[in-house]
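Based on the sequences and whatever the hints tell you, model everything.
Protein sequences appear in the order of chains A and B.
Numbering-wise, numbering that gives the first Met the number 0 puts 172 at position 173 of the first sequence, and it's gapless, one number per residue.
Numbering-wise, numbering that gives the first Met the number 0 puts 5 at position 6 of the second sequence, and it's gapless, one number per residue.
The set of hints was computed from the structure by calculation and includes no laboratory data.
Don't take every hint at face value.
[Unchecked claim] Beta-carbon label-pair distances, calculated as ranges:
no.	chain 1	residue 1	chain 2	residue 2	range
1	A	758	B	62	41 to 51 Å
2	A	601	B	115	55 to 65 Å
3	B	13	A	605	40 to 50 Å
4	B	4	A	152	47 to 57 Å
5	A	126	B	56	28 to 38 Å
6	A	758	B	8	48 to 58 Å
7	B	62	A	121	17 to 27 Å
8	A	559	B	115	57 to 67 Å
9	B	8	A	152	52 to 62 Å
10	B	124	A	226	57 to 67 Å
11	B	122	A	355	52 to 62 Å
[To be verified] Footprint (simulated), chain A over chain B, 3 or more residues, beta carbon under 8 Å:
no.	segment
12	36-42
13	52-65
14	130-139
[Stated by the list, open to error] For lysine-lysine, the following DSSO-like pairs were computed, each having C-alpha atoms within a straight-line distance of at most 30 Å:
no.	chain 1	residue 1	chain 2	residue 2
15	A	443	A	518
16	A	319	A	443
17	A	315	A	169
18	A	319	A	449
19	A	518	A	36
20	B	81	A	516
21	A	192	A	82
22	A	435	A	355
23	A	518	B	2
24	B	81	B	117
25	A	435	A	258
26	B	81	A	697
27	A	36	B	117
28	A	435	A	449
29	B	81	A	62
30	A	315	A	258
31	A	597	A	479
32	B	117	A	435
Every residue, glycine too, gets a C-beta built ideally from N, C-alpha and C.
Each chain is listed here by its residues.
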Amino acid sequence: MSTMKTTRDVRGVGLSIPRADGAEKVTGRVEYVADIKRRGLLHAKLLRSPHAHARIIRIDVSKARALPGVRAVLTAADIPELKRKAPTRAHAVLAIDRAVFAGQPVAAVAADEVAIAEEALDLIEVQYEVLAAAVDPLLSMQPGAPPVADAGTEADTSEALAHSAVAIAKGETPTKAVNVSQTSQVKRGDVAKGFAESDVVIEHTYRVPMVHQGYLEPHAVLAEWDTAGNLTLWASTQGSFNTRSEVADVLGIEENRIKVIPVECGGGFGGKIRALCEPITALLARATGRPVRYVMTRREELEAGMPAPQVIIRLKTGAKRDGSLIALEAETVLESGAFSGTVLAVSAVFLGSLYKWPAFDIKGSEVLTHKPSVAAYRAPVAPQTIFAIDSQMEHLARALGLDPVEFRARHLSRPGEPMVNNQPWASHGGHEVLQKAAEHPLWKERAGWKARGSNGKLHGTGLALGGWLGGLQPTGATVKLNPDGTLSVLTGQVDIAGTNIALAQIAASAYGIDIEKVKITTGDTDTAPVTGLSAGSKTVYTVGVAVMQAAQDARRQTLEIAAGELEASVQDLEIVDGRIVVRGVPDRGITLTQIGRKGNLYMSKVPPVLGSAHPAFSQQAPAFAAQIARIEVDPDTGEVTLHEFVVVQDAGRAINPLGVEGQMQGGAVQSLGMALTEALAYDDKGRLTNPSLLDYRKLTAADLPSIETIIVEVPSPAGPFGARGVGEPPIVPAPAAIANAIHDATGVRITECPLSPERIALALIGQGSTRPTA
Amino acid sequence: MAKQILRCAVNDEAVEVLVQPYATLLDALREDLGLTGPKEGCGTGDCGACTVHLDDQPVASCLMLAMQARDRAVRTIEGLSKGALHPLQEAFVRHGVPQCGFCIPGVLMAAAALLNEKPRPSEEEIRYGIAGNLCRCTGYTKMVTAITEAAASMPQGASSR
Chain A
0 MSTMKTTRDV
10 RGVGLSIPRA
20 DGAEKVTGRV
30 EYVADIKRRG
40 LLHAKLLRSP
50 HAHARIIRID
60 VSKARALPGV
70 RAVLTAADIP
80 ELKRKAPTRA
90 HAVLAIDRAV
100 FAGQPVAAVA
110 ADEVAIAEEA
120 LDLIEVQYEV
130 LAAAVDPLLS
140 MQPGAPPVAD
150 AGTEADTSEA
160 LAHSAVAIAK
170 GETPTKAVNV
180 SQTSQVKRGD
190 VAKGFAESDV
200 VIEHTYRVPM
210 VHQGYLEPHA
220 VLAEWDTAGN
230 LTLWASTQGS
240 FNTRSEVADV
250 LGIEENRIKV
260 IPVECGGGFG
270 GKIRALCEPI
280 TALLARATGR
290 PVRYVMTRRE
300 ELEAGMPAPQ
310 VIIRLKTGAK
320 RDGSLIALEA
330 ETVLESGAFS
340 GTVLAVSAVF
350 LGSLYKWPAF
360 DIKGSEVLTH
370 KPSVAAYRAP
380 VAPQTIFAID
390 SQMEHLARAL
400 GLDPVEFRAR
410 HLSRPGEPMV
420 NNQPWASHGG
430 HEVLQKAAEH
440 PLWKERAGWK
450 ARGSNGKLHG
460 TGLALGGWLG
470 GLQPTGATVK
480 LNPDGTLSVL
490 TGQVDIAGTN
500 IALAQIAASA
510 YGIDIEKVKI
520 TTGDTDTAPV
530 TGLSAGSKTV
540 YTVGVAVMQA
550 AQDARRQTLE
560 IAAGELEASV
570 QDLEIVDGRI
580 VVRGVPDRGI
590 TLTQIGRKGN
600 LYMSKVPPVL
610 GSAHPAFSQQ
620 APAFAAQIAR
630 IEVDPDTGEV
640 TLHEFVVVQD
650 AGRAINPLGV
660 EGQMQGGAVQ
670 SLGMALTEAL
680 AYDDKGRLTN
690 PSLLDYRKLT
700 AADLPSIETI
710 IVEVPSPAGP
720 FGARGVGEPP
730 IVPAPAAIAN
740 AIHDATGVRI
750 TECPLSPERI
760 ALALIGQGST
770 RPTA
Chain B
0 MAKQILRCAV
10 NDEAVEVLVQ
20 PYATLLDALR
30 EDLGLTGPKE
40 GCGTGDCGAC
50 TVHLDDQPVA
60 SCLMLAMQAR
70 DRAVRTIEGL
80 SKGALHPLQE
90 AFVRHGVPQC
100 GFCIPGVLMA
110 AAALLNEKPR
120 PSEEEIRYGI
130 AGNLCRCTGY
140 TKMVTAITEA
150 AASMPQGASS
160 R
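As structure tokens, this is what we get:
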């Protein structure tokens with residue numbers, strides 16, 4: 000099914016076609032939630048706890064309610080749907096009697112103007128009893144730590160289901176550490192024996208702090224009820240059907256009473272999968288009987304968004320002098336913030352089975368702290384895990400005096416070999432990617448670059464390999480032939496990455512018509528078939544299959560109608576330039592326009608062509624990226640200058656190379672941000688110390704060189720035209736690639752991100768010398 | 000507080016609008032004049048999504064009061080070109096620069112201001128010219144290529160409009 004043949008070449012799959020909404024976006028005409036106007040629109044603001052952990056003694060909203068222009072003020076007491084032991088952030092609409100992170104909403108206001116709503120927040124009086132907060136995840140695991148969740152709260156594993164699509168065993172019941180919400184363990188062989196037999200044993204603890212997804216458009220939603228009790232939500236979301244389900248669950252209403260209109264999403268990267276401000280906005284709209292819009296401020300995003308978890312991995316590995324891997328032991332701690340919802344399985348799979356370890360023992364814990372709860376961030380937990388395992392492989396190779404790329408290639412799991420959960424690795428192009436990276440001049444000429452360091456500056460080159468297992472989710476699509484012979488494709492897929500043009504290209508090639516004749520629409524939850532999230536690098540991989548099958552279905556229907564009209568057999572027909580002809584008899588034909596028209600004529604006996612498909616999936620397509628960084632380090636200041644950066648990535652089949660390159664470049668820079676500058680920094684009371692984009696430092700154009708992209712194509716067996724997901728792999732390798740480059744330049748291995756000047760300079764002082772040693 | 004009358008030129012047209020004295024230029028453009036091309040990404044001048052031109056200079060419209068634009072000329076993304084796309088816009092489309100698109104109006108206004116100053120900027124000058132504009136989707140590479148190409152396609156000294 001992956002190589003649907005069209006009878007002639009059409010303008011479709013494989014071409015670098017600019018996306019159809021480009022002109023709308025460069026003229027500023029595209030509408031985001033904050034741009035929408037509704038009659039009688041009110042504006043919402045939330046009062047948030049200034050304390051990471053506090054008992055709420057009393058809330059007095061009387062002065063706020065009395066302010067002219069204020070239409071509603073809500074606290075938990077006004078919301079009968081609220082339940083204790085909220086399993087997710089979305090369910091914890093407002094704090095009931097305990098705030099569990101600084102920034103948790105405790106009251107909500109809807110007013111005629113944003114400024115009035117802000118003034119009303121100042122008039123709300125809250126009396127808190129400040130409690131001790133669990134801030135450090137390792138301390139939070141210890142007995143006696145201040146508890147985060149109410150006793151009996153269930154762990155939330157939906158993120159794992161949405162993202163990793165791999166299952167691993169749950170760990171043994173934890174030793175009743177209060178804030179450990181999930182555990183896992185995978186084991187094979189005898190690790191202790193393995194270390195005893197190893198010639199080289201290396202142990203490091205790797206840390207990557209909480210980071211924010213950094214989408215430019217803050218969370219925003221507009222809610223409006225009709226008189227019959229139906230709710231419409233204009234949402235900035237990565238999955239309108241998921242938003243609908245979550246809001247329905249929180250509000251306790253039927254899903255078909257909620258229409259989610261997915262408005263243009265100004266970036267998500269995993270942070271706009273789960274519902275966040277939709278429930279409270281809907282409740283304010285219900286309370287006022289008016290449309291209400293809520294737009295988070297950037298400060299709120301940083302203080303109370305849903306960032307990526309802090310990841311701490313203690314990793315011990317043993318190898319023989321001949322380079323064979325012997326044993327791996329790991330303990331992973333994922334800091335989930337105030338609510339459960341991380342992905343333990345991804346970490347275990349990459350630690351234990353990206354490379355082949357005869358013996359391994361990998362424990363994982365999800366730990367709650369008094370910080371904002373986390374969510375996915377593009378390849379959740381993979382960059383942090385690859386930072387650990389790739390750094391470790393590099394260090395082992397250096398310690399053994401082996402070529403680091405050959406060392407990785409020798410041990411990289413091949414398709415069919417078992418993962419930690421004993422399921423076989425699916426087909427992947429990891430070896431091909433590594434090979435291509437090793438051939439790159441940046442890598443081949445690394446010795447020359449190192450030797451050219453001058454004026455006290457140290458030069459280094461780093462390479463790392465990382466990837467993503469590939470997500471899956473059932474999904475649907477329809478393709479209809481219009482009376483003028485054009486095609487309309489409908490899905491509910493939110494286009495956060497340029498996927499709509501790729502899906503339209505798939506429809507064009509599968510049907511046999513040029514892309515210019517295909518239009519694709521993202522429908523709302525009332526009109527579109529049920530469609531999965533735009534997440535997990537699965538949009539083209541799964542929705543692409545639905546669109547391809549729907550287009551094939553439409554093609555089949557079209558040819559059957561033509562066969563009747565032409566008195567020919569379907570097998571003898573082909574579509575050429577918008578006309579169906581009998582092969583070898585070009586005079587006998589009927590145009591797509593004629594067939595389209597017959598399907599829409601009064602008294603016509605020809606049915607309209609409507610192709611549809613709604614597949615489910617079982618076959619993942621892992622996708623790998625290697626990145627090479629050429630850097631310069633100033634040993635006095637610790638500053639890293641990035642001179643060149645290359646991304647080599649297996650796209651399976653690049654449906655739209657232009658779009659694939661954009662994903663590779665954008666992902667690489669997010670990865671570099673995690674490597675070099677980004678961290679949500681908390682004080683010892685659990686308050687964010689850098690809640691602005693001045694202090695939460697994202698990379699700018701001036702920090703970066705152009706990102707070179709090399710697309711490798713190792714077709715996936717089940718993806719449309721052999722495509723693999725391309726969104727996640729490029730965010731994975733850079734923390735390790737930069738750490739490896741620093742190691743190359745300075746001889747020092749740094750195991751904590753961001754690899755900031757301060758950290759590098761201190762490490763070089765700690766080493767007692769800035770001379771390269773390796 | 001009583002609203003005040005703001006008289007200025009916006010995209011070459013004289014406008015007269017009542018604004019709150021505390022309203023930012025960005026608020027006035029978006030809420031009172033219906034020009035929602037400029038975006039609020041941070042409200043503190045750190046992200047550049049609200050960039051507009053004030054008397055041909057790029058400014059963060061979220062950091063200015065609306066009344067500071069009195070008797071001055073404001074240009075937003077909606078007024079970057081008339082009819083056909085500006086060469087920068089055209090190059091951005093052709094190179095597939097916009098992904099989510101939220102930063103794009105600000106980046107284009109920063110780039111247009113740069114080309115007003117320096118019709119043939121170097122790569123480094125382009126990178127510094129848009130360094131005040133955060134983009135989370137593109138990694139900036141295609142942006143820089145598109146700006147370089149647009150600059151090369153434009154006659155010297157005719158970079159604006």
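Verification of the hints:
{"no.": "1", "hint": "A:758 with B:62: 41 to 51 Å", "result": "violated, 32 Å"}
{"no.": "2", "hint": "A:601 with B:115: 55 to 65 Å", "result": "holds, 59 Å"}
{"no.": "3", "hint": "B:13 with A:605: 40 to 50 Å", "result": "violated, 58 Å"}
{"no.": "4", "hint": "B:4 with A:152: 47 to 57 Å", "result": "holds, 56 Å"}
{"no.": "5", "hint": "A:126 with B:56: 28 to 38 Å", "result": "violated, 49 Å"}
{"no.": "6", "hint": "A:758 with B:8: 48 to 58 Å", "result": "holds, 50 Å"}
{"no.": "7", "hint": "B:62 with A:121: 17 to 27 Å", "result": "holds, 23 Å"}
{"no.": "8", "hint": "A:559 with B:115: 57 to 67 Å", "result": "holds, 60 Å"}
{"no.": "9", "hint": "B:8 with A:152: 52 to 62 Å", "result": "holds, 58 Å"}
{"no.": "10", "hint": "B:124 with A:226: 57 to 67 Å", "result": "holds, 58 Å"}
{"no.": "11", "hint": "B:122 with A:355: 52 to 62 Å", "result": "violated, 43 Å"}
{"no.": "12", "hint": "36-42", "result": "holds (count 7)"}
{"no.": "13", "hint": "52-65", "result": "violated (count 0)"}
{"no.": "14", "hint": "130-139", "result": "holds (count 10)"}
{"no.": "15", "hint": "A:443 with A:518", "result": "violated, 46 Å"}
{"no.": "16", "hint": "A:319 with A:443", "result": "holds, 27 Å"}
{"no.": "17", "hint": "A:315 with A:169", "result": "holds, 22 Å"}
{"no.": "18", "hint": "A:319 with A:449", "result": "holds, 29 Å"}
{"no.": "19", "hint": "A:518 with A:36", "result": "holds, 27 Å"}
{"no.": "20", "hint": "B:81 with A:516", "result": "holds, 28 Å"}
{"no.": "21", "hint": "A:192 with A:82", "result": "violated, 50 Å"}
{"no.": "22", "hint": "A:435 with A:355", "result": "holds, 21 Å"}
{"no.": "23", "hint": "A:518 with B:2", "result": "violated, 46 Å"}
{"no.": "24", "hint": "B:81 with B:117", "result": "holds, 22 Å"}
{"no.": "25", "hint": "A:435 with A:258", "result": "violated, 47 Å"}
{"no.": "26", "hint": "B:81 with A:697", "result": "violated, 34 Å"}
{"no.": "27", "hint": "A:36 with B:117", "result": "violated, 39 Å"}
{"no.": "28", "hint": "A:435 with A:449", "result": "holds, 21 Å"}
{"no.": "29", "hint": "B:81 with A:62", "result": "violated, 50 Å"}
{"no.": "30", "hint": "A:315 with A:258", "result": "violated, 51 Å"}
{"no.": "31", "hint": "A:597 with A:479", "result": "holds, 13 Å"}
{"no.": "32", "hint": "B:117 with A:435", "result": "violated, 39 Å"}
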